[in-house]
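A.B. asks: One-letter residues, chain by chain:
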Amino acid sequence: MKKRNNWNLIVGYVLTGFIILLMLIDVFCAPYNPDKMNVAERFQAPNIRHLLGTDNFGRDIFSRIISGIKTTFFVAISTVAFGTFFGVIFGGIAGYIGGWIDEIIMRVNDAILAFPGIILALVIVTVLGQGKYQIVLALGIIFVPSFSRITRSEFLQLKDQEFVKSAKVFGANPLRIMFVHILPNTYPALLSAITIGFSNAVLSESSLSFLGFGVKPPEPSLGRMLSEAQGYLFNAPWYAITTGIVIVITVLGFNFISEGIRKVYER
Amino acid sequence: MAQELLSIKNLSIGINGINECNDVVNGISFGIKNGEIMGIVGESGCGKSMTALSIMGLLPKNAMIREGSILFNGIELNGINKEELRKIQGKDISIVFQEPMTSLNPLITIGKQVGEVLKIHFKFTKLERKTMVIDTLKKVGLKSPEELYDYYPHQLSGGMRQRVIIAMAIICRPKLIIADEPTTALDVTVQDKILDLLKEINREFKTTILFISHDLAVINKLCDNVVVMYAGDIVEEGITRNIFTNPVHEYTKGLIGSIPSKEKKGKRLVNIKGKVPSITIKKIGCVFAPRCDNTTDQCFLEKPQIIEIGYRHKVACYSTKRDSDINNVG
Amino acid sequence: MKYVVRKIITLIITLVFVSGLTFFAFNVVPGDPALVMLGTNASPQKLENLREELGLNQSLVKRYISWSGNFVKGDMGKSIRFSQPVKNLIVSRIPVTFSLALMSLLLIVAISIPLGVYSAKKEGTFIDVIISTTSQISRSIPSFFMGIILILIFGIILQFFSPGKYVDYNQDIVEFFLYLICPSLAIAIPNIATLVKFLRAGVLSEMSKDYVRTAYSKGNKENSVLYNHILKNAIITIITLMGMIISEILAGSLIIEQLFGLPGIGSLLIMSVSTRDFPLIQALVLYIAFIVIFINFLVDILYQIIDPRIRVR
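Protein chains in written order, with the working numbering: chain A, 334 to 600; chain B, 463 to 792; chain C, 997 to 1309.
Please keep in mind that the hints were generated in silico from the structure rather than gathered at the bench. Hints may be right or wrong, so weigh each one.
[What the hints assert, rightly or not] Distance condition first, Cα-Cα at most 25 Å in a straight line; then the derived DSS-like pairs of lysine-lysine:
| hint | chain 1 | residue 1 | chain 2 | residue 2 |
| --- | --- | --- | --- | --- |
| 1 | B | Lys661 | B | Lys495 |
| 2 | B | Lys544 | C | Lys1083 |
| 3 | C | Lys1228 | B | Lys581 |
| 4 | C | Lys1205 | B | Lys588 |
| 5 | B | Lys553 | B | Lys581 |
Extracted from the complex, chain A is given alone in its bound form (with noise of 0.2 Å):
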């Protein structure tokens, strides 16, 4: 059988790839400082010195959006983390105990899966105030339940099999067979799922920073600045365009290897 390349996987690891790259930029040799501004340049449409322009207060608009696109990773993943660490563990129960702690763990989750997840979001960050680390959690509350029902749906059908049997003829008791057996046979279900929740994440994270309630100035954030930008579409429009096209990129990115990795269990 012919080999066929999976081209989900190779453009998304380029995508992800490329985004990657401009944050080591920022990381290691960054053109500007982020900050600086220059009320003489303002405005400039993108040239040799400045990449990709030059915003209202004439900062370098490359410089701002690397370093914007560290706040976006570090909680694009953290999310996921969040989410996925706790997703499990509910999921993980809920689908091997069964019973009334499963009604309630899907109850509660259909319950969070219902509503839409940005005004969650927003509730949460009303109580606990803006920052990276309030977004995170409220990001992360909202994302348990994606995860939890993946979990759960694994566990209810690995649960049957021989393997798990044979664990509980050995001895193991509930907690040794729930993730050293079983949790790493669900790997395939997760994997998919966790790059689908990172682009979700990215999504979700730049639509709150528009909205003004992501992460706190002077933490750079690729939402908020496209909610700058917008007031500038008719004198600067490259300001919104590029900041926007990174965010799409990053999240094709994701989409694209998620697509892959998909493709690759489907059989």
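Please arrange chains B and C on chain A, whose structure you already have, making use of the hints.
C.D. replies: Only chains B and C this time, still in chain A's reference frame:
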């Protein structure tokens, strides 16, 4: 002299694999006369279903007619354009499939589904259609057809659903009905009733029926003539009674021998050794030779031609020549 | 029956959970809620009055019960910032959000069904790849960026409309709806992409089923099989997704109303969060929860109508 309604000549059907195209049907020829019930019998994979589907123009995407002619009522069906084919499908030729449980659309009432055939081919009013549908449902033996008209498939049993499908198949009074293992998925008691229904349809409407099955006993009950297929070839054909009393091909003998009956009580059932060859293996000589007990070298070198050895009795086997040679000696 | 009971329980839990979360969260905020709302410069008398008004001196659970009880009776509390009953605020803004949501929904359904079916029909062809890639990209565009792009193209470059110049429905209803076209598109496009993907997969999986073969054997044309037979079955997939789509539309309206300057429920919520107008936020959250439940309920009824197999006879 009854005319030939369906005439198949040299039909070869191929399936596109990953790298190559393999034939599931290797240049077969046979004909069905008007008003006959003809059976095609053979094991799974012998190409009988593919033959049926090719007549209807319903071959799956990866299969195609490589060569040959399918002459139906004077019209060549191989290569016919889609519009013309659609006019024939459902109206002049209809088909009854094996799986009654999944062959009906679960979301549409059976009345509408049966009526759909009329809607496609004729210009009747809604009321006229409904009347005809109820009438046909009654004809296929369904009780209280007026009520059943508004039922959904999941409310009916397997046998009832199959009757509905037969109703769909006869409502336009087609010239030919192809029945592809219609009773295989049903209980034995229901099986008999469906066979009786088909016989009745053939008797009353003079509909020609092409009946496909792997079950010789069923073929024996229903069919006037039978064609025996093995691995894409026709090995024997003739009047059912003759084939049963006087099978010539070793494969046919094996098939008949393996039917349990009270005469064979206490004796071992005949078992044909070996198994059906894969379609990817290139075949030289007679396809059945590797499993046959009665071979000579010639059988492995060249494929035997089909020859007539009796009244409408044809066989593709060198043993007939040998037998006639033996009989002619002296 | 069991299905219905389970659904109802879930929905009630959603209501209680969401409203409870909001209510308790606000009242667990460190410090005095009255202080937080009025600011540190408020006089002690004002603070005490507010506390009385809000019933802050009663127990938490009692307050929740009386608040939700009032809510159901129609008294949704009073907004601090606007100094108006919440009810009035909601009533004046509902038509905007409702129109926006309805237009988005119509766009989504009207475009994704033909597109999804078409791309399934043309599976594997170049045009299918184009549609799939375009929808993949559309799903990766955050709704606010989509809105900005639309403003850029239609508002600034093509000058079809003036961004920000919202026209009230009381003044000119035609202009009102025209102005809503772009915002609806901004919400609709990412959702169309999702729906097309699922619809395409749904149609493709139906295509290989037996009843489709039967339909062809009757002499049906390809389009007739697609629309009369396959689509009905694929629609069931869509209806399952409807709940999620409506949720997305509501979430999207939050952002889009802000972007286009529409005075709807979404922008009201955002305003209330930025001003920490707790009574308003609580009321809005519960109100939205009711809407979500109602929509889910409608979706379930739709399900029963379309699929005779799960109808309760």
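A.B. asks: Each of the hints needs a verdict: does it hold here or not?
C.D. replies: Hint-by-hint comparison with the structure:
At most 25 Å may separate the alpha-carbon atoms for a hinted pair to count; Lys661/B and Lys495/B meet this at roughly 16 Å. The hinted pair formed by Lys544/B and Lys1083/C fails the criterion: a straight-line CA distance of about 63 Å is larger than 25 Å. Using a Cα cut-off of 25 Å, the hinted pair Lys1228/C and Lys581/B holds, with the two alpha carbons roughly 19 Å apart. Restraint check for Lys1205/C and Lys588/B: not satisfied, since their Cα atoms lie roughly 28 Å apart, outside the 25 Å limit.
Distance check on the hinted pair: Lys553/B and Lys581/B sit about 11 Å apart at the alpha-carbon level, within 25 Å; holds.
When the structure is compared with the earlier hints, violations turn up for hints 2 and 4 and for no others.
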